[in-house]
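Enquirer: For the record, the sequence lines run as chains A and B. Quick note on the numbering used here: the first sequence kicks off at 229 and runs consecutively. Quick note on the numbering used here: the second sequence kicks off at 330 and runs consecutively.
Hints are supplied without guarantee of correctness; some may be wrong.
[Claimed, not checked] Lysine-lysine pairs mimicking BS3-like chemistry, simulated, CA-CA at most 27 Å apart: (1) Lys-721(B) x Lys-509(B); (2) Lys-464(A) x Lys-509(B); (3) Lys-391(A) x Lys-470(B); (4) Lys-567(B) x Lys-596(B); (5) Lys-351(A) x Lys-337(B); (6) Lys-567(B) x Lys-464(A); (7) Lys-549(B) x Lys-464(A).
[Unchecked claim] Cβ-Cβ distance ranges computed for the label pairs, FRET-style: (8) Pro-603(B) x Ala-400(A): 26 to 36 Å; (9) Glu-458(A) x Arg-417(B): 28 to 38 Å; (10) Arg-472(B) x Glu-458(A): 43 to 53 Å; (11) Ala-571(A) x Lys-595(B): 22 to 32 Å; (12) Asp-366(A) x Lys-352(B): 51 to 61 Å; (13) Arg-445(B) x Gly-250(A): 22 to 32 Å; (14) Gly-573(A) x Lys-567(B): 33 to 43 Å; (15) Gly-573(A) x Gly-726(B): 45 to 55 Å; (16) Lys-595(B) x Glu-348(A): 29 to 39 Å; (17) Ala-350(B) x His-478(A): 21 to 31 Å.
[As the list claims (entries may be wrong)] Derived, one-sided and incomplete: chain B residues facing chain A with beta-carbon distance under 8 Å: (18) Leu-570; (19) Ala-599; (20) Ala-696; (21) Gly-697.
Since the hints were derived computationally from the structure, they do not count as laboratory data. No residue lacks a Cβ here, since even glycine has one placed at the ideal position from N, Cα and C.
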Amino acid sequence: MNFDLTEERQMLQDTLRRFLAGAEGDLWPQLAELGVIGALFSEAQGGFGGAGFDLSVVFEELGRADVEVPLIDNALLPGLLLAAAGESVEALIDGSERLAFAHNEQAARYDYNWVETRFENGKLTGEKSVIVGADSADSFIISARHAGTPEAEQGIGLYRVDKAATGLTLRAYDLIQGGRGADITLENTPATLLMEDAYGAITAAMAAATLAVSAETLGSMQTAVEMTAEYLGTRKQFGRPIGTFQALRHRLVDMMVELEQARSAVILGAGNLDAAPNERDFVLSATKNIIGRVGRLVTEESIQMHGGIGMTQEYALGRFAKRITMADHRFGDTDHHLEQFIALGVGV
Amino acid sequence: MDLSYSEKDEAFRAEVRAFLAEKLPKELSEKVRLSQDLEKSDMEFWHAQLNARGWLAANWPKSFGGAEWSAVERNIFEEECAMADAPRIVPFGLSMLAPVLQKFGSKAQQDHWLPRILNGDDWWCQGYSEPGAGSDLASLKTRAVLEGDHYIVNGQKTWTTLGQHANMIFCLVRTDTTAKAQEGISFLLIDMNTPGIEVRPITLIDGGAEVNEVWFTDVKVPVENLVGEENKGWTYAKYLLTHERTNIAGVGSSRAGLAAVKRIAKKVQARGRPLIENPHFAARMAQVEIDLMAMATTNLRIVSKAAAGQAPGVESSLLKIKGTQIRQEITDLARRAVGPHAMPFASDALDASNTPLPDPYDAGEVAGPYFNNRKLAIFGGSNEIQREIYSKHMMRGAK
């Protein structure tokens with residue numbers, strides 16, 4: 229066993245950390261230029277990475293930094309789906325095109341098989357809800373059902389749709405963690421078929437996204453814990469740094485213990501991204517469940533130990549706290565993944 | 330022991346319900362239910378409704394025009410108001426300053442300020458915390474120097490809730506820099522319109538602007554606005570804090586919050602079934618409900634020990650710790666319940682006049698209140714300070 233990053237990944241981490249520390253302006257073309265988007269895809273897909281540990285390195289750095297970029301939504305997810313359909317990912321990798329994957333529907337909650345949007349006679353009709361990055365995408369990949377009942381794994385196709393297509397309405401809004409989301413309504417919207425039977429491709433892409441959001445949250449938690457440690461060392465009350473109070477310093481260590489658990493969970497997820505689907509999803513459910521639980525602890529304890537200042541918009545901690553908490557609302561929450569873990573555990 | 334409500338209690342509950350049905354407008358209760366910001370006029374309206382009915386000053390002795398309700402009556406009232414989504418009563422004048430004036434103020438101060446509080450003539454805010462004096466409140470630095478018949482005040486207060494609406498502020502100021510920290514503090518009443526006062530809003534992580542910084546530069550305060558004796562302010566400040574904690578268990582608002590979570594969980598679909606039938610979510614809700622049942626009784630046990638018009642003693646620390654844990658747990662349930670729909674957010678969504686965001690479960694803002702309610706364990710003496718207070722009480726015999 230060896231838990232060190234390879235030389236290439238170490239370089240990627242260093243480069244990205246330095247870049248994000250001083251990043252300004254539109255980050256997207258700069259990230260493409262740095263090769264960060266290419267690192268998300270394998271050589272076969274036109275990139276130069278694509279393994280679980282490439283993803284975890286990139287997204288942990290994004291999570292550590294006080295920046296919000298829809299790299300999962302405008303690059304990773306649509307890119308993996310394009311590749312699965314045998315299409316080129318080149319335009320995504322060089323940053324010239326940004327796509328979004330509109331899959332989630334209100335009744336689906338966190339289940340990937342639940343699709344009610346219909347594909348009939350070359351046209352899509354239905355509603356997609358809380359699609360992150362829809363606003364910043366040039367066009368969409370949309371899932372729709374050409375056969376079967378709403379929960380059937382069979383009969384879900386993938387379709388390319390222009391943002392300006394007829395019958396498509398985009399209702400965009402801010403997200404509490406930063407960035408933008410949208411609800412999309414489709415009414416007889418013309419669409420081009422990408423993939424006929426896509427459930428396997430969708431769950432594989434979502435597994436990568438689950439790992440990515442977990443690694444990103446790990447990075448944000450790392451920053452929140454570091455900020456809290458620094459605050460406990462500098463904030464004085466009763467004539468001494470509050471970190472000298474045992475009741476607080478012990479709680480800081482409890483966070484650290486859980487943070488290391490979360491780091492191991494992300495490593496396990498990264499190492500199993502290319503495993504057989506059931507095993508991959510079993511391990512990633514464990515990862516996401518731990519991230520959800522530790523995320524809540526870190527959010528609540530880091531704000532509490534900061535006191536009022538941790539609740540202000542001006543101080544960065546609040547932004548990290550919101551990203552950490554809202555990650556529990558993406559790609560399945562703590563309870564959803566506990567249920568998945570139990571269900572999949574029977575077969576693993 | 331008798332755990333049942335008396336006939337008189339039940340009649341009172343019916344009376345409160347009838348009042349709420351008649352006097353609380355639907356537009357107002359909807360704003361409260363959906364966690365939208367209330368206008369100053371909304372809060373003033375509700376204050377006036379309660380005052381007209383004689384139910385505003387539940388805690389005040391009858392001699393000052395209060396209702397002097399029993400603990401059980403107060404509890405019934407709080408519960409019914411919360412369940413009806415009534416606005417909270419702005420507490421700064423009514424439940425914080427008033428008890429101090431009643432116990433330590435001069436006759437002239439009582440005669441002048443107390444009726445004005447009831448009538449809503451003044452909007453009070455609280456000048457306690459400072460950037461360097463939070464949990465360690467006694468280390469406050471805002472300075473007041475007596476020059477002739479005025480104090481000259483310089484310094485900064487922070488976390489001043491609803492200070493943007495206030496025309497008056499009660500302040501802890503340092504009048505003796507040579508004495509021990511607690512012994513050089515005085516309690517001043519300051520007109521917010523005095524030259525030299527500046528109020529700056531602080532935006533919180535939920536986008537709301539409920540707290541402020543208040544800056545004082547050579548602010549002249551007439552000496553008759555000193556409450557009690559100079560340098561005895563710490564005693565009054567602590568007395569006020571016990572009253573601030575009177576309703577701290579928040580049983581009523583927890584009941585209302587839990588009822589809201591259940592309503593949401595019935596609407597949300599998970600795997601083709603209502604979320605309320607999901608075993609994991611149902612277990613989470615049941616756990617909180619069980620805690621709340623016990624908490625409601627703990628609250629009644631502790632609060633009934635205090636005489637009418639008085640605040641409970643050191644046990645209020647227990648109420649604050651458990652009460653805030655339960656309230657925070659409920660906001661966590663609400664954000665879980667709505668799933669991906671916790672994310673949509675408009676920085677001005679708290680304003681009811683704004684175009685509403687998609688809200689398929691009629692839940693209003695849920696992520697915002699989750700973050701906003703982190704404050705419950707921080708303000709009014711953080712839960713860590715409550716543990717200090719209570720542990721000192723428990724270990725008072727230890728050497």
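Enquirer: Indicate, hint by hint, whether the structure satisfies it.
Expert: Here is what the structure says about each hint:
1. Between Lys-721(B) and Lys-509(B) the CA atoms are separated by roughly 20 Å; this keeps the pair inside 27 Å, and the hint holds.
2. Taken as a hint, the Lys-464(A) and Lys-509(B) pair is honoured in the structure, with Cα atoms around 18 Å apart against an allowance of 27 Å.
3. Our distance criterion of 27 Å between C-alpha atoms is broken by Lys-391(A) and Lys-470(B), whose separation comes to about 59 Å.
4. For the hint linking Lys-567(B) to Lys-596(B), the alpha-carbon distance of about 46 Å lies beyond 27 Å, and the restraint is violated.
5. For the given pair, Lys-351(A) sits about 67 Å from Lys-337(B) by alpha-carbon distance, which is inconsistent with the 27 Å threshold.
6. Our distance criterion of 27 Å between C-alpha atoms is met by Lys-567(B) and Lys-464(A), whose separation comes to about 22 Å.
7. Only pairs whose Cα atoms come within 27 Å are accepted, and Lys-549(B) paired with Lys-464(A) is rejected, the gap being roughly 31 Å.
8. Range check, Pro-603(B) to Ala-400(A): about 29 Å between beta-carbon atoms, so the 26 to 36 Å window is met.
9. Distance hint for Glu-458(A) and Arg-417(B): a CB-CB separation of about 36 Å, consistent with the stated range 28 to 38 Å.
10. Between Arg-472(B) and Glu-458(A) the CB atoms are about 30 Å apart, so this pair departs from the stated range of 43 to 53 Å.
11. At roughly 24 Å, the beta carbons of Ala-571(A) and Lys-595(B) sit within the given window of 22 to 32 Å.
12. As the Cβ distance of Asp-366(A) to Lys-352(B) is approximately 55 Å, the hint placing it in 51 to 61 Å holds.
13. Checking the proposed 22 to 32 Å range against Arg-445(B) and Gly-250(A) shows it is violated: the Cβ atoms sit about 56 Å from each other.
14. Restraint check, Gly-573(A) to Lys-567(B): a C-beta distance of roughly 55 Å breaks the suggested window 33 to 43 Å.
15. Separated by about 53 Å at the C-beta atoms, Gly-573(A) and Gly-726(B) satisfy the suggested range of 45 to 55 Å.
16. Between Lys-595(B) and Glu-348(A) the C-beta distance comes to about 33 Å, which sits within the given range of 29 to 39 Å.
17. For Ala-350(B) paired with His-478(A), a C-beta distance near 50 Å fails the hint of 21 to 31 Å.
18. Hint status for Leu-570(B) relative to chain A: violated, with the closest Cβ pair at about 16 Å, above 8 Å.
19. Proximity of Ala-599(B) to chain A holds as hinted, the smallest CB-CB distance being about 5 Å (cut-off 8 Å).
20. A cut of 8 Å between beta carbons decides the hint on Ala-696(B): the least distance to chain A is about 5 Å, and the hint holds.
21. Hint on Gly-697(B) holds. Least Cβ distance to chain A is approximately 7 Å, under the 8 Å limit.
Checked against the numbered hints above, the structure violates hints 3, 4, 5, 7, 10, 13, 14, 17, 18; every other hint is satisfied.
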